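Engineer: Here is what each chain is made of, one letter per residue.
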Amino acid sequence: MKIYKQLIMSMGAVLMLVSCGQQNQNSNGALSSSAAEKVYVAPGEQDEYYAFLSGGYSGNLTVYGLPSGRMFKEIPVFSQFPTSGYGYSEETKPMLTTSHGFVPWDDAHHPDISQTNGELDGRWIFINGNNTPRIARISLSTFETEEIIEVPNSAGNHSSSFITENTEYVVAGTRFSVPIPQRDIPINEYKSNFKGSLSFISVDPEHGHMDLKFQLLMPGFNYDLSHPGRGKSHGWFFFTTYNTEEAHTLQEVNASQNDKDFIAAVNWKKIEEYVNNGGGTKMPANYAHNVYDESTHMATTTMKKEVLTVDPLKVPGAVFFLPTPKSPHGCDVDPTGQYIIGNGKLSADLTIHSFDKMIAAIEGEKFDGEAYGIPILKFEDVLAGQVKSGGLGPLHTEFDGKGNAYTTFFISSEVVKWKLGTWEVIDRKPTYYSVGHLMIPGGNSRKPFGKYVVAMNKITKDRYLPTGPEMEHSAQIYDISGEKMELIYDFPTHGEPHYAAGCPAELLAPKSKKIYRLDENKHPYAVTSPTGSKVVREGNEVHVYMSTIRSHFTPDNIEGIKVGDKVYFHITNHEQDFDVPHGFSILGQNTSELLIMPGQTKTSVWEPKQVGVWPFYCTDFCSALHQEMQGYVRVSPANSNMELKWSLGE
Amino acid sequence: MKTIIKGMTLLFALILISCGGKKEEKKDDGFSVQRQKTTTEQPAETPTTDQVKASERVDMTTKGVGPITSVDLAPEIDQTMAAKGKEVYEQMCLACHRVGKKFIGPAPNGILERRTPEWVMNMILNPQEMVQQDPLAKELLQEFNGSPMSNQGLTEDEARAILEYFRTLK
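Here the protein sequences come in this chain order: A and B. Numbering-wise, the first sequence is residues 0 to 649 according to numbering that gives the first Met the number 0. Numbering-wise, the second sequence is residues 0 to 169 according to numbering that gives the first Met the number 0.
FYI, nobody ran anything at the bench for these hints, they're computed from the structure. Every value quoted in this text rests on a predicted model; they were computed, and no experiment measured them. Glycine included, every Cβ here is placed at the ideal spot set by N, Cα and C. Each hint should be verified, as a subset may be incorrect.
Only some residues are given here: those of chain B computed to face chain A with a beta carbon under 8 Å [stated by the list, open to error]:
{"#": "1", "residue": "Glu89"}
{"#": "2", "residue": "Met91"}
{"#": "3", "residue": "Leu93"}
{"#": "4", "residue": "Ala94"}
{"#": "5", "residue": "Ile103"}
{"#": "6", "residue": "Pro105"}
{"#": "7", "residue": "Thr115"}
{"#": "8", "residue": "Asn144"}
{"#": "9", "residue": "Gln151"}
{"#": "10", "residue": "Gly152"}
Let the hints inform the model, and build the full structure from the sequences given.
Structural biologist: Structure below.
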């Protein structure tokens with residue numbers, strides 16, 4: 000025993016010594032302390048920027064503060080979310096309806112905030128579902144998903160969801176080319192049978208409602224990423240392509256044969272005019288359009304049966320190919336709209352095309368051939384310059400609005416800062432590790448807020464305490480307000496963030512919704528006064544019209560439910576105060592809880608299978624009497640003659 | 000080792016006790032406790048028993064904490080306003096305040112014989128600060144088991160209408 004004590008004592012002493020030593024090492028300069036000051040948001044104070052990071056395979060969108068890196072919320076988009084009941088509640092199940100049935104998950108990649116005149120306007124944020132192609136629109140006042148539209152004729156909805164400078168369109172391009180329309184054909188008949196669709200989804204300026212206006216049917220390449228033209232290039236859209244080899248197997252090798260692939264330049268204004276004048280071909284289709292109504296607190300699905308397709312050859316002067324080396328990944332346009340940057344992921348260099356030169360080359364009809372009838376411009380004629388940085392594997396570029404660009408290099412794990420126009424490298428800083436996208440708030444708009452850049456990494460390794468084989472992806476924040484970038488913070492993210500979008504806090508915070516007004520609640524099963532609470536039987540369906548307020552349910556005793564009944568609990572939260580949600584769950588329910596915001600109505604279905612008296616309770620700690628917020632449901636045998644009874648306080 | 004054995008015996012004892020408890024479960028319907036009232040048992044802050052309960056006490060001077068500093072009540076009740084007040088009351092207040100009986104919170108009947116109109120409106124419009132700063136509201140929170148008065152986000156006009164409705168309740 001004594002030996003142990005001694006051992007522990009001496010170990011303790013060693014530990015103290017070691018930690019003291021480390022402390023001294025860490026506090027050796029002004030640099031580290033100024034980094035701490037830069038990211039420190041004191042208790043009670045708030046961040047300067049919102050950052051919306053896609054969740055990748057979580058299917059959702061996460062909200063962070065910059066520069067603190069604190070996570071504020073996870074917004075469920077394409078995935079069922081038991082925390083709030085999204086995708087489980089009767090009201091939100093239709094949000095996940097597709098032509099393939101109920102799809103409770105997706106792979107969410109590229110969020111983009113709505114714009115007016117090329118500047119962030121903070122109304123909505125859009126994000127793509129990759130796997131079962133969909134585009135979602137999320138309200139930036141409620142931070143809830145309001146609409147999801149399925150994209151037909153698409154597969155691997157990756158070059159999405161990017162919006163034009165007045166949010167005229169949210170654009171969704173396909174990664175996989177597929178037979179259009181889908182049909183049963185041999186895979187090796189890929190060439191000429193497979194096509195890539197680029198979808199232009201119009202956005203209603205008032206309500207944000209999406210409508211698939213037209214689909215451009217392009218050659219069977221892979222369409223990787225895209226961005227809109229802005230300023231002088233407004234009206235154009237640019238898509239990177241790879242697999243111009245049109246390989247259908249062992250892409251790793253076969254899609255990397257060509258020295259150059261293309262950036263497709265699409266004059267969508269011209270095509271819009273063409274379809275507005277009756278152009279295009281209507282094709283039968285089947286895709287879901289799901290809309291959540293804030294006043295009824297309910298989503299509905301409409302199956303759409305037709306899509307307007309456009310053959311690019313029928314609209315002369317609308318589509319051109321810009322040769323771009325080495326399977327370009329990111330396709331980024333600078334704030335002036337002059338430069339189109341192709342990030343050649345298998346190369347060391349960045350290729351920058353000039354919009355002015357492109358227009359001149361088109362006007363001069365200087366073509367270098369054609370692909371499936373689409374003119375290919377001469378590389379030298381459109382090239383503005385190249386950035387030779389010495390990095391490897393450039394993926395994505397963002398801008399600070401001060402004439403600089405920042406590019407991530409995946410293979411060499413770094414962010415490189417370079418100057419637009421002179422193409423000289425100004426600075427480079429390592430990332431930890433293997434960076435994918437990066438994000439400057441507004442960094443892909445006419446007006447970036449060039450104070451911070453967030454690098455989102457694919458590999459975490461030793462950055463945090465290990466948590467078994469699986470770790471959350473790391474992100475790094477750099478201060479970019481000076482000439483040199485400064486790494487100031489590291490934070491873990493949720494899921495796998497691909498792209499992100501950010502904006503100043505003052506754009507959203509003042510209009511963030513606090514409650515839903517009870518007197519505006521149009522839910523058909525809402526009870527807007529506790530006197531309206533009731534239980535109604537319709538055959539074996541039972542509807543419980545229930546209300547909640549701190550800290551009771553009305554009613555809280557229900558009898559006359561029978562085994563085999565399908566019980567709908569329609570619960571209206573009567574609170575009208577900020578941040579007072581109530582939860583609801585009942586023993587044995589085959590679904591998630593509900594989390595009901597003040598003034599909101601949500602519905603949970605319960606199919607009791609066993610006779611007994613079963614409790615329900617509030618899952619959100621709501622007041623000092625939260626543990627009292629509960630009730631009972633008596634379940635009688637299926638053949639019982641028990642009459643329905645309900646009460647509170649009797 | 001000794002402590003472990005001690006712990007084990009304690010555990011067994013506990014198990015035995017709990018088993019024993021179960022057997023007796025059916026004997027009593029409910030329970031009552033004959034506890035001797037001693038002065039030491041009472042928390043120091045609880046008002047002494049001879050004082051009138053906060054809900055029954057009359058204080059016609061305190062105006063409370065909040066936006067309302069003065070209310071003029073016309074001699075005649077404005078029936079239109081009272082009807083509007085009833086409507087708002089039934090939607091926003093009824094979950095906790097029933098007319099004619101104590102429910103989660105006190106009944107509103109005769110409230111204007113115990114409180115100033117300003118106090119009532121401040122309690123409706125600014126409950127959070129009231130239960131923190133107004134001595135009467137603080138005591139009421141205790142009297143009603145710590146059940147908080149919810150801020151229902153009413154406008155001053157709506158609170159005023161409810162006040163008019165309260166005038167009709169005797």
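Engineer: Against each hint, give a clear statement of whether it holds in the structure.
Structural biologist: Hints and how they fare:
1. Look at glutamate 89(B): its Cβ gets to within about 5 Å of chain A, closer than 8 Å, so that hint holds up.
2. Taken as an interface hint, methionine 91(B) checks out: its beta carbon lies about 7 Å from the nearest beta carbon of chain A, inside 8 Å.
3. Annotation: interface hint on leucine 93(B) holds; nearest CB of chain A at approximately 5 Å, less than 8 Å.
4. With its C-beta approaching chain A no nearer than about 4 Å, alanine 94(B) sits inside the 8 Å limit, and its interface hint holds.
5. For the restraint placing isoleucine 103(B) at the interface with chain A, the shortest Cβ-Cβ distance is roughly 7 Å, inside the 8 Å limit, so the hint holds.
6. Checking proline 105(B) against chain A: minimum C-beta separation of about 15 Å lies over 8 Å; hint violated.
7. Interface hint status for threonine 115(B): violated, as the beta-carbon distance to the closest one in chain A is roughly 24 Å, over 8 Å.
8. Because the closest C-beta pair between asparagine 144(B) and chain A is about 7 Å apart, less than 8 Å, the hint holds.
9. Contact between glutamine 151(B) and chain A, as hinted, is supported at the beta carbon level, the nearest pair being about 4 Å apart and thus within 8 Å.
10. Checking glycine 152(B) against chain A by beta carbon gives a least distance of about 4 Å; that is within 8 Å, so the hint holds.
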